[in-house]
Amino acid sequence: MSAVLEARHVTKRFGGLTAVDDMSLAIPEGVIYSVIGPNGAGKTTFFNCLTGFYLPEEGQIEFDGRHRLDGRRTDQITRLGIARTYQNIRLFPNLTAIENILVGQHSHLHASLWGVIFRTRAARREEAAALDEACRLLDFVGLSGDGDVLAKHLAYGDQRRLEIARALATKPKLLLLDEPMAGMNPAEKDTMIAFIRRLRDALGITILLIEHDMKVVMTISDGISVMDFGRKIAEGRPAAIQRDPLVIEAYLGRGAVEAVAAADGGADGQAASGDRPTSPDEA
Amino acid sequence: MAVLTPYGRRGLIVGGVIVFLGLVGLLEAFSTRSIINVLRTAGGKPVAVTLLSLPELLALIVAFVAVRGLLPARPRALDAFGAVGCGAAASAVTAAFVRLGPALGAGGDGFQLRDVFIHATPELFEVLGSFAWHLPLAALAAVAVAFVRPDVRRAVAAGAVAVALVGVLSDHVTILLDHNGVPRASTAWFLRGKSLTVAGAATLFGGVAALRWLGERFRPVADRRLAARPARDRRWLRRGGIALAGVALIALPRFAGSYHSEVLNQVGLFVLMGLGLNIVVGFAGMLDLGYVAFFALGAYTMGVLTSPESFLAAATVPGGPPVGPVGFWLALPVCIVVAVIAGTLLGVPVLSLRGDYLAIVTLGFGEIIRVLALSEWLRPFLGGSLGLKRIPPIKVPWLAIGDGCAARGIDVPLCIYRVAIDGPDKPQKLFYILLAGCVVAAFVALRLKDSRHGRAWMALREDEDVAQAMGIDLVRTKLMAFAIGAAFSGLSGAIFAPKLVSIFPHSFNLLISINILALIIVGGMGSIPGVIVGALALVGLPELLREFAEYRLWAYGIVLVVMMLYRPEGMIPSTATLRELRPDDDAPPGDVASPSPAGPGTAVAAAGAEARA
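Residue numbers (the numbering used here), protein chains in the order written: chain A, 1 to 283; chain B, 1 to 613.
Calculated from the structure, these hints are not laboratory results. C-beta atoms are modelled at their ideal positions from N, C-alpha and C, and glycine is treated no differently. Check before you lean on any hint, since a few could be wrong.
Under 7 Å between C-beta atoms, here's a sample of chain B residues computed to sit facing chain A [claimed, not checked]:
no., residue
1, Gln468
2, Ala469
3, Val559
Simulated coverage check for chain B against chain A, where a stretch passes if three residues somewhere in it have a Cβ under 8 Å from a Cβ of chain A [to be verified]:
no., stretch
4, 25-32
5, 346-355
Below, in silico cross-link-like pairs of lysine to any residue (SDA-like), each with a Cα-Cα straight-line distance of 25 Å or less [unchecked claim]:
no., chain 1, residue 1, chain 2, residue 2
6, B, Lys194, B, Arg40
7, A, Lys152, B, Asp450
8, A, Lys173, A, Ala111
9, A, Lys152, B, Gly355
10, A, Lys171, B, Asp465
11, A, Lys152, B, Leu565
12, A, Lys152, B, Arg354
13, A, Lys189, A, Gly223
14, A, Lys152, B, Asp463
15, A, Lys173, B, Asp463
16, B, Lys389, B, Arg476
17, A, Lys171, A, Arg72
18, A, Lys152, B, Glu569
19, A, Lys215, A, Asp201
20, A, Lys152, A, Asp139
21, A, Lys171, B, Arg476
22, A, Lys171, B, Lys389
23, A, Lys152, B, Asp465
24, A, Lys152, B, Pro573
25, A, Lys173, B, Asp465
26, B, Lys45, B, Asp171
27, A, Lys215, A, Arg243
28, B, Lys426, B, Pro392
29, A, Lys173, B, Asp473
In isolation and in its complexed conformation, chain A is listed as follows:
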């Protein structure tokens, strides 16, 4: 298993604030990998560095063992095979569902200006194929029949899945999901977990996930990195992370470490309840 994405010593500063501090990460191909951490830990900033939205001051990011990502533009990185979704859904609100997906296919379409104006055979064939592909993706995320609905008129959960479909349309090798389960109830989260697994198993896409719900993270992840104040404080398999004193401290504060150690083995429940205490979906 070679690393599909390898970040080395990535650092991003905003003025005096170091949002991402010496972050290193290697994600093997074909896994579901999670990045967790308290609010403001720098997870989304790290995502933005990976996708070229921010230029990190230090460090290198390597994709697929061949391509350096730092310094490339966002669209170039997307064309290499990295797609993402956003924490607060960012669809094209006034385009229909199917158009959103078609936009995602942009870099795989090649019709020139002239081909489009004179509707050449090649351009027509490409457009028809793109539309078929878009319909197939809509089916895949369970939105068949909603193709003509403006994205802003879709229900919240449907918007989340349309955003994933749009990301899939770029034909990524690596999919970055920024809190895909925010605002979902437990039943919806379960189906989302199954859906993300299917993305990996059926489509062979490596998945990098930011998620707050510990139960979800522990169920789904093959590997986890924990961030706090921009730094990686722990890394490993879910079971090891659950017991890591640094992680527990980051989420619950210093006093909690002793309490957890005393309880022994109760870390699971503790860590989960430490997840975003302000979140409305916490029971």
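Given the coordinates of chain A, work out where chain B should sit on it, guided by the hints.
Coordinates of chain B only, in the frame set by chain A:
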């Protein structure tokens, strides 16, 4: 009783507004137009007396809108009472002004109303007095409308708009009828003098309202029938429709005559520019306020290349009568290329700018071009404030053939050629050039809209960052929008120059940019038919109502405010539908468009079921 207070207050405001419209001179200026008149016998002779004048219509509309805004969806008896009271209050204010106004200006050395409001003339009081007590009628109509079914309401509205439009433009209708040899006697029942007769107004109202109602009633049936036909039949039907529209457009200048063809040409120039700006603003969402720059560049390039007075002409022709360096058809592609290059060059520095900042920079660019044309520095080339003169008219080979045939007494059957007989530089001929330009531009815009390029523009408009994250190259996409938009504008300018013969820097002021932007907003952002309707409404209509040119910008402001409040999506909003994307799909569009009845939870469950499969 408290329910009635807002009605009373609104009534006082309406009365105030109407008095204000009178004091700024609007009502008096509009009083030259009447909408409907009746015959009355005065001193044994029949005289046409105005039944409904334009100022009265305006006042009634103001009252109607004001009352409609207050009425609940289902008015009760008290509301109806209040509405009539509102109208009565407005009437009372107006009537009080009519009664007291003349006294305020009645002689003596004291206060003279006319010292402050020069439009407070006896004529104004006469105009206001003629309808001061009619305002409760508008309130009654507003109440009645609330009880009418929506489809009937829309039909009535269409009929009313038709009557108002034809009534206001009745002198143009008369000119058109005369031009086409329709004897006045045969239309006397419909039009009398400069307005509609009661019978004419009733017929027009009934006809348009019925058509609107029937259209709305049977449209879904027709659509379903059409959808049931095989794709091949539908394609032929569409081609037939296009051919029919083509024939109508080709025949149009023959029936429009010289003056109205000229108006159509003016509209055509703005349609061309509107289609271009629509790509930049409507599709790609980049607010460009200096769009007139490309229009100017197209016009000046054409002038420099074709005028015998241009600095290039002097160099190419040593003796004899000076002729332009090249003809229109050779210069045309150059104009477009110059505009495209300028569009790209402007695009480069503003690539990273968004929204307001982009608008300010492009605004500056538009002014720079105008100032350059005006400058002393470029005076030897562009003529400074004197402009470029003697730009030769456009010569069209096949129209010349028509002229030649006519000179030899050969009757050419097509009406195009008949038009060509009228002389070398008639607006009717120019219409065909502009028509061709508009058709090409609309075709290109339509094709681009549903392509990867058009979608990239729209993605850019919706969310630039995400668009880039979808693999869209922002630089290329933005520059392409600027370049294509500039091309259409350059084409428009290239036709504008020979149309006017002389061009001056002041023809290319900021107002043109704003005009184009306004017509896109009124027509509907991103909508191609919207551009045409917007140009007809904001360029064609003011051209027909030239006598009120003083109030043109005033009307623009009102129209824009009203549109933004009540119909921000424009007159013909652009709709993104699968049907547009997939015209040959055999599935009835209704089925595809129906939203899924499942809520978010069940839909996720469906995805989950799929995931487990």
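Hint check:
1. Contact between B/Gln468 and chain A, as hinted, is supported at the beta carbon level, the nearest pair being about 4 Å apart and thus within 7 Å.
2. Against a cut-off of 7 Å between C-beta atoms, the interface hint on B/Ala469 holds, since the closest Cβ of chain A lies about 5 Å away.
3. The closest approach between the C-beta of B/Val559 and any C-beta of chain A is roughly 24 Å, which is over the 7 Å cut-off, so the hint fails.
4. Figure legend: the stretch 25-32 of chain B, annotated as covered by chain A; annotation inconsistent (0 residues with Cβ-Cβ distances under 8 Å, at least 3 required).
5. Coverage of the stretch 346-355 of chain B by chain A is violated. Counting CB-CB distances below 8 Å, 0 residues qualify, and the rule asks for three or more.
6. Pair hint B/Lys194 plus B/Arg40 holds up; C-alpha atoms about 16 Å apart against a cutoff of 25 Å.
7. For the proposed pair A/Lys152 and B/Asp450, the alpha carbon gap of about 20 Å is at most 25 Å, so the pair holds.
8. Between the alpha carbons of A/Lys173 and A/Ala111 the distance comes to roughly 24 Å, so the proposed pair stays at or under 25 Å and holds.
9. Distance check on the hinted pair: A/Lys152 and B/Gly355 sit about 22 Å apart at the alpha-carbon level, within 25 Å; holds.
10. At most 25 Å may separate the alpha-carbon atoms for a hinted pair to count; A/Lys171 and B/Asp465 meet this at roughly 19 Å.
11. Distance check on the hinted pair: A/Lys152 and B/Leu565 sit about 21 Å apart at the alpha-carbon level, within 25 Å; holds.
12. For a cut-off of 25 Å, the pair hint linking A/Lys152 to B/Arg354 stands: about 23 Å separates their Cα positions.
13. A hinted pair counts as satisfied when its Cα atoms are at most 25 Å apart, and A/Lys189 with A/Gly223 qualifies at roughly 19 Å.
14. Restraint check for A/Lys152 and B/Asp463: the C-alpha separation of about 13 Å stays at or below 25 Å, so the hint holds.
15. The suggested pairing of A/Lys173 with B/Asp463 holds, with an alpha-carbon distance near 24 Å, which does not exceed 25 Å.
16. A distance of roughly 38 Å separates the Cα atoms of B/Lys389 and B/Arg476; the hinted pair therefore is violated under the 25 Å criterion.
17. Restraint check for A/Lys171 and A/Arg72: the C-alpha separation of about 19 Å stays at or below 25 Å, so the hint holds.
18. Pair hint A/Lys152 plus B/Glu569 holds up; C-alpha atoms about 16 Å apart against a cutoff of 25 Å.
19. Proposed proximity of A/Lys215 and A/Asp201 is supported: the alpha carbons are some 21 Å apart, at most 25 Å.
20. Taking the CA atoms of A/Lys152 and A/Asp139, the gap is about 19 Å. The hint holds against a cut of 25 Å.
21. Using a Cα cut-off of 25 Å, the hinted pair A/Lys171 and B/Arg476 holds, with the two alpha carbons roughly 22 Å apart.
22. Restraint check for A/Lys171 and B/Lys389: the C-alpha separation of about 58 Å exceeds 25 Å, so the hint is violated.
23. Restraint check for A/Lys152 and B/Asp465: satisfied, since their Cα atoms lie roughly 18 Å apart, inside the 25 Å limit.
24. For a cut-off of 25 Å, the pair hint linking A/Lys152 to B/Pro573 stands: about 17 Å separates their Cα positions.
25. Straight-line distance between C-alpha atoms of A/Lys173 and B/Asp465 comes to about 21 Å, which keeps the hinted pair within the 25 Å bound.
26. Pair hint B/Lys45 plus B/Asp171 holds up; C-alpha atoms about 23 Å apart against a cutoff of 25 Å.
27. Taking the CA atoms of A/Lys215 and A/Arg243, the gap is near 14 Å; set against the 25 Å cutoff, the hint holds.
28. The hinted pair formed by B/Lys426 and B/Pro392 meets the criterion: a straight-line CA distance of about 13 Å does not exceed 25 Å.
29. For the hint pairing A/Lys173 with B/Asp473, the CA-to-CA distance comes to about 20 Å; that is within 25 Å, so the pair holds.
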